[in-house]
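Asker: Residue 319 in my numbering sits at position 336 of the sequence shown, and the numbers go up by one each step.
In short, the hints are calculated from the structure, not lab data.
Here are the simulated DSS-like pairs of lysine-lysine, each with C-alpha atoms no more than 25 angstroms apart in a straight line:
#	residue 1	residue 2
1	K121	K214
2	K156	K215
3	K156	K120
4	K185	K120
5	K215	K245
6	K321	K277
7	K268	K321
8	K185	K245
9	K156	K201
10	K277	K245
11	K321	K295
12	K321	K43
13	K268	K214
14	K321	K350
15	K43	K268
16	K215	K268
17	K121	K156
18	K185	K156
19	K226	K207
20	K245	K214
21	K277	K174
22	K215	K121
23	K277	K32
24	K185	K214
25	K207	K121
26	K32	K346
27	K174	K201
28	K321	K346
29	K215	K120
30	K245	K207
31	K277	K226
32	K185	K121
33	K226	K245
34	K245	K268
35	K156	K207
36	K226	K32
37	K43	K295
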Amino acid sequence: MRLMRNDTDMKTLYSICIIMGALWGSAVHLQGHEKPGQSIKTNLIPQEKEMDAYLMVFHKDETHGLYMAVSYDGYTFTALNDGEPVIAGDTIALQRGIRDPHIFRGPDGAFYLVMTDLHIYARREGYRDTEWERDGKKYGWGNNRGLVLMKSIDMINWNRTNLRMDNLSDEYKEIGCAWAPETTYDESEGKLMIYYTMRFGKGQNRIYYFYVNDDFDKMESMPKLLFEYPKKDIAAIDGDITKVGGQYHLFYVSHDGTAGVKQAVSAQINAGYTYLPGWVDPEPKSCEAPNLWKRIGENNWVLMYDCYGIAKHNFGFVETSDFEHFIPLGRFNEGPMKATNFSSPKHDAVIQITAEEAGRLEKHWSKK
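Can you make the complete structure from the sequences, with help from the hints?
Answerer: Encoded structure:
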């Protein structure tokens, strides 16, 4: 087992149990406090006026681990644990690595973390003898079959579940990928909803969704199509949904030419999205992984994305108040957005947190 701080610091010892997923998933307790059967309550989220900081989660290609960074102004982010992973991917994922982390504060006040179970360098690291988990000629680049789900009340102690999507039915045995999952809450159904990118074999990538139980360890519905690109032969991946007023904004990546970010809108969270043809990002090279977050106390929203088409991976940013005009903010350390102690981050997500929550995380991961 690999500890995330040092071999003598036992307070972050994670109970590791990498096991194969059953039909709906397999769970393991990581020092969590949740009790089975708790029902979702919808009045426990701190109000925006109580928020004082931001938490960013991301991964890096060199480690395939989970990273966290904190900002108090929404511009300058400092990674926790001195820029090292807070959780090692080889301790929680069946492929021994995670990608595409996303964090969501649920209506019950708990935090929901969901990730892609995939290590793109597993052969190099000695985790398997083949480049991919299955034949790349049949299932494509980066093929995988599972997701990692984690729930916490403090973002330090976590319950974990490994979902194997290929165990759902004979049809799903042939999926080529389950990538870039995100969690949200469907107000009309009163349920947590996970949406993600999926393809069958080497077919076209589309965005699907399913409902999950309150304990975040079992699926409550089979996957359904949420969005596909108007041109059926073009991929749509990396969906990110945010409700603003009475409208849902879906930012996603289109491969219609150079990969970049586009937007679709709907009055429903999981259907009826209207395609908007314009590109949102200003990048000349490929980018992916859009994530939208609101500046505390302002009517301004930041859309962050992963610039993977440049020589050294970086995050890019645009800002909007009307979702029609997007003002470029540049990339980390090339404009007002700063990363103080980390570089080359991949696939990100940001949430608002309280000063107490930020301080607790900083204290826990301090090496002093």
